[in-house]
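Peer 1: Residues per chain are reported as follows:
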Amino acid sequence: MRKNALNTLRGGAAALYGGFAAVAFMVTLGTSPWTTEATAGGGDDWKAAWVRPTSVPFPEENPYTTEKATLGQKLFFDPRLSGSDYISCATCHNPGFAWGDGLPTGYGHKMAKLGRRTPTILNSAWGELTMWDGRKDSLEEQALGPIGGKAMKQDVSAVVEELTAIPGYRTLFNVAFPGEGITLENIAKALATYERTIVSGIAPFDRWIAGDQRAISAAAKRGFDLFNNKANCAACHTGWSGTDSGFHDIGLPDDDIGRGKIVKNVVKLQHAFKTPTLRSIAQRAPYMHDGSLGTLKEVIDHYNDGFTRRESLSDEIKPLNLSEDEKADLLAFLLTFEGDDPAVVSPVLPANEQVPGAWLQRLSPAAGGKAETAECRTARLHLDHCN
Amino acid sequence: MKVLLVSIMLVLAFAANAIAAQTVVTQKGRKFSEKKIELNVGGSIKFVNDDDVTHNIHSTTKGHAFDVGAQKPGQTIVHTFGKAGKVKLRCAIHPKMKIKVTVK
Ligand SMILES: [Cu+2]
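Chains as they are written, first to last, in this note's numbering: chain X, 5 to 391; chain P, 20 to 123.
Next comes chain P alone, as it looks inside the complex (with noise of 0.2 Å):
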């Protein structure tokens, strides 16, 4: 029981971790709550879609291209950056939507 706990309070405290170490992104009137993003090596975005539409973030920055897929409305993506450098990201789907991620 009592290591039961124990784990539990552990899991939660990661959890905690990982939340503050994280920037949450809106994309609601299909415009990203923000434009310029500075994070470490290891940090995350969320991407919250609270928009009406589906939205597909990606980038094609050389050395830093991913795609998380469509992103359909109330769903949650976290995408970690793993790589120092400077990435551009955008909507794949909304090209008007981009953001700048410096990761340091």
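Same shape as in the complex, but just chain X (with noise of 0.2 Å):
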């Protein structure tokens, strides 16, 4: 079984910090007064493949819970994990720009320039294969990479060590992973379990899609109209987060050939990238691998008539003779995917450890190794049953 019941999730949601995406979600389903039957039903068939999902899927190999996701929050909010130890996950996925970095591509360790715009990872719990480029096959995967690259900088191997030496750290390691402590592996799997929970807020096209007319106005109708007809943006930004995950060439005239690098000799993936979601697309400018869109008026422009011709282009991709209202409307309809996620609340994260055990002998020799419990290693100067 892939799928965890939410009623796991929601037990465990609330020992994660308020204000965090993935608690206002499940939170908002609890209450939410639509069902997937409501909607299907009546005749509007097509908005049934919009119907946000009821639960988040979580692999075998890594199931959900809460120690493992409070943790995986530290670990991707913690710039101890670089070479630095000044550039965290979240410096390129920030929360307020909806966990991307607001730049055409992103800046890592001593400021080197990145090859490709950082993506968002909300709602990637869905995602089959991550990486603009489909390079790594799961978020398990996927997650030491930045910390070794270009991105972070980190000796990977002295992450562990670095980690080990935080008392706060072996704790929390202890408690999610019991038996296991603190591994590369572990390590991996905390941050993907917290990746999983970055769900996007309840948005006015949810409400729509639920029932509601007057979510979303009548522009925004036509410009769904559009998005599924005639724009025919749904044959890839497909289902409720607005992505296929697949890989398709979209004519972008840059050399990057994406996909085409990690699987040759399919001529279709020649300059093809992974399908975004469009969930608060209005606060993820600017747009595509590249970052060479600079609003949703330029992507619409593409789309109309912008693109390069070439043989790996997408079949999908064909002039669409827009007309300006035309455009308004579908710019209108991707508005709505702008949902109420909550802010996010930055952790507070294991503090380095303050009293060295050489030090703390001096300190008080008399204690002599005894009493090394952990509280007792930070705590020595104001416990007096440590002494």
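Everything labelled a hint here was simulated from the structure, so no lab data went into it. Bear in mind the structure is a predicted one, so any value in this text is a computation, not a measurement.
Listed next, with one range per pair, are the computed distances between beta-carbon atoms:
#1 X/R139 x P/K102: 22 to 30 Å
#2 P/D71 x X/R314: 20 to 28 Å
#3 X/G153 x P/D71: 38 to 46 Å
We treat Cβ as the ideally placed atom computed from N, Cα and C, and that holds for glycine.
Two chains, each in its own frame: build the complex with the hints.
Peer 2: Shown next as structure tokens:
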């Protein structure tokens, strides 16, 4: 079974920090007045494909636990994962920009310019392959990449050592992975578990799909029709999150061949990149793997007739002949994906050790190694029973 | 005349045979109709694109790699498996579409 019951998750959610996207997602779902049946019936079959899922899928190899998600959140926000102790995952995957960085392409260790734009990690629980070119099979496999790479430039084996020196992490790992503790694999599992809990909040579009006719404007409704028909966007941007998780060449003119470098000799994979989610799209400019399109209007103009024709171009990309009014309707529709995702509170991170062992000995030689509990290692200075 | 008739019958018999040894896989709604298929060496799969988007079946399994190329809606493609082994197929465009083929 790949899908975990919502209940499991909801139980764990309380322990996560408030204002956390996943909490809002689950709580809202739990109290939501609508159901899948209510929207799928009544001749509105075309709407059924857009209904939000009711649970987050977690893989069998790494099932959800609150402890893993809590630990993963701390790791995600902790710059000590990087070589400089200055860059965290959240530096680039910034919740304030819907988990991107607002830049055409990111900057890593010592301001090294990265080759591609930072993608959002929203709704990645539903993904198939990760990265723009799908070169990593899972979130677990992806998680250690940036730590060792240009993004964070940490000697990966040093990460385990560095985290082990932080008492709070020793405790958190022991609770999340009893009997296993701090390993690279467990760092990856915790990060991936946290990432899967990052789910878009309810957007006006969801309220409309659920039956609230006034949730979106008439222009946006016309835009939705264009999206599915004349503009053909839904050929690739399908499902509640607006992605088929697939790879397509949409005719951006740069030299990056994307998935073509990973899977060779497939014509249609030259210049092909992963279809991004459309959730919180206005929050995530500039657009595309190279950040080359600054606004949604530029994106629409690109699809209308601005694309590069070549053999690898997707068969779903054709001149659209949209009028200016139609372009405006399409834009109005895209903006209905702006959800009321709650503010994300940065977690309190485990403190560095205050009392290194050697110094401790000097401080209270009488202790002579006794009472070496985790509590005493940090609290010796103010707890009598440790001295 | 007689010779012609016999040869037509032969061709028909052959065609019927080929169809019998063939598994048909459809792709409507960006889903393969099968998840696992077992075949004998020389057996084939007929992929029907009854969907409304282009698909592209391929495999990167070592020793069995192939790419059938872009398959537009309405097109049919037959792929024959000439070697024993386990072959993983995906749609190159829609990686959620996958099949495991065991060739015996
Ligand atoms: Cu496909």
